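Peer 1: Here is what each chain is made of, one letter per residue.
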Amino acid sequence: MAPFANFCMPIQYRNIQLEHLAVRHKCGLFDVSHMGEVTVKGQDAERYVQHIFTNDVADAPVGKIYYGMMCYENGGTVDDLLVYKMGENDFFLVINAANIDKDWAWMQQQAKGFDIVLQDRSEFYGQIALQGPEAEQRMEEVLGLPCREMAFYTCKTIDGVIVSRTGYTGEDGFEIYASHDYIQRCWDKLIDAGVQPCGLGCRDTLRFEVGLPLYGDELSEEISPVMAGLGMFVKFDKPEFVGKEALAKQKAEGPAKKLVGIELEDKAIPRHGYMVLKDGRPIGEVTTGYHGISVDKSVCMALVDAEYAVLGTEVEIQIRKKVFPGKVVKKQFYHKSYKN
Amino acid sequence: MAKVIDGLFYSESHEYVKVEGNIGYIGISDYAQHALGNVVYVDMPDVDDEIEAGEEFGAVESVKAASDLFAPVSGTVIEVNDALDDQPELINQDPYENWIVKVELSDKSQLDNLMDAKAYAKFCEK
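So the protein sequences, as listed, match chains W and A. With the first letter of the first sequence counted as 1, position 336 gets the number 336 in our numbering; the numbers rise by one all the way through. With the first letter of the second sequence counted as 1, position 61 gets the number 61 in our numbering; the numbers rise by one all the way through.
Read the hints as simulated data drawn from the structure, not as lab findings. The structure displayed is predicted, hence computed values, not measured ones. Don't take every hint at face value.
[Claimed, not checked] No farther apart than 16 Å at their CA atoms in a straight line, the calculated lysine to aspartate or glutamate pairs in the EDC-like style are these:
| no. | chain 1 | residue 1 | chain 2 | residue 2 |
| --- | --- | --- | --- | --- |
| 1 | W | K156 | W | E136 |
| 2 | W | K322 | A | D68 |
| 3 | A | K18 | A | D6 |
| 4 | W | K267 | A | E89 |
| 5 | W | K267 | A | E12 |
| 6 | W | K321 | A | E50 |
| 7 | W | K321 | A | E12 |
| 8 | W | K297 | W | E263 |
| 9 | W | K297 | A | D86 |
| 10 | A | K64 | W | D296 |
| 11 | A | K122 | A | E55 |
| 12 | W | K267 | A | E97 |
| 13 | W | K321 | A | E55 |
| 14 | W | K267 | A | D86 |
Whole structure, please, built from the sequences with the hints as guidance.
Peer 2: Following this line, the structure appears as structure tokens:
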């Protein structure tokens, strides 16, 4: 167990590898009740979401989910989040646990002039994520929640319980948001049915292998979505959103630093904060690195000076006293298998 | 319950030394390999490197984290366990059979600063 964003969270229940592979090949269950939830309702709700969010929710059908960021005026990232369209002018925002206080303050500050009701529902909602190729079957058979027909990145409400086909593992899967009592009962049923409980350890290795960012590593107040290669979630054709001008400038001029993948020849593991070098000179830092579990190679994501971000560029990484050669590769080390 | 072997010397940072004459085999204890989980990489010094008691001389990495190795005794590295390059998991299978470095001890009196099996077993229970 380890402290994480005011929660005491399990790093692993049994073993990271075993939990990781359960999600890739069968399914695994995560207690992610620490995540924050904010609701936005009222006649300006859509206009407000468009203002704080980089992705475009205009004319979205009810039940659609969008991934994107909230940015500062300078393009730095406040947080990355999911926006669920629950109804007309009714949105459900899922934010990172470590950022709840900061995000809430930011959202309130940005709400001036909008006719909306903002509510921080983080205390009310518990959340579990059931992830992996067998998730759909388990949802229906063990929990009795029909979900077969749901498309990826959509949600529906069943008796007040929010069910979405989303996740943070690169596999098909679902997330359920409800009262802590309800979530606890779902957890118990799934565990009794033999589903593998999974900790934060494999949550990180799974998301990392498929190149999904973690706020604090690949996104931060200093790392914009454009630098992180997440420009596809920033819709510049929207009339306005906070950070648009700064991000458009970064995109046009090319950011000074870019997020890349690096593969090492050796088994040594590049970890967060280790230095990336070119001919002995520092050019960046590792953001996340592992000996990949599904790929059996030492790989990392790193933020490097843009001129070295070209695929195939030879670089070195300083790991303790030694320097190991590596090369720039795509920052997706394992293929996602989402349901279309 | 972690396995502890009689006749070895143990440090508080969970390395052991097996002594044969003037030679010491240094590795990590069963308690340490359990705490680390699956070992995926062992960072070892080079032959002829001098290691100093109490100082870092390498690292053992699991998926979770890198854990520094601290030399329980001083000496000169005369061999490293190359098998661990390809099969770091040997440390999980049997940490006492699969030592990490073999050193020529420079000061055998340093062994007095280490724990015997009984004291170490008690230390691990804390």
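Peer 1: All hints are to be evaluated individually against the structure, with a verdict given for each.
Peer 2: Here is how each hint holds up against the structure:
{"no.": "1", "hint": "W:K156 - W:E136", "verdict": "15 Å, holds"}
{"no.": "2", "hint": "W:K322 - A:D68", "verdict": "14 Å, holds"}
{"no.": "3", "hint": "A:K18 - A:D6", "verdict": "10 Å, holds"}
{"no.": "4", "hint": "W:K267 - A:E89", "verdict": "13 Å, holds"}
{"no.": "5", "hint": "W:K267 - A:E12", "verdict": "28 Å, violated"}
{"no.": "6", "hint": "W:K321 - A:E50", "verdict": "15 Å, holds"}
{"no.": "7", "hint": "W:K321 - A:E12", "verdict": "24 Å, violated"}
{"no.": "8", "hint": "W:K297 - W:E263", "verdict": "7 Å, holds"}
{"no.": "9", "hint": "W:K297 - A:D86", "verdict": "12 Å, holds"}
{"no.": "10", "hint": "A:K64 - W:D296", "verdict": "15 Å, holds"}
{"no.": "11", "hint": "A:K122 - A:E55", "verdict": "24 Å, violated"}
{"no.": "12", "hint": "W:K267 - A:E97", "verdict": "22 Å, violated"}
{"no.": "13", "hint": "W:K321 - A:E55", "verdict": "13 Å, holds"}
{"no.": "14", "hint": "W:K267 - A:D86", "verdict": "9 Å, holds"}
Checked against the numbered hints above, the structure violates hints 5, 7, 11, 12; every other hint is satisfied.
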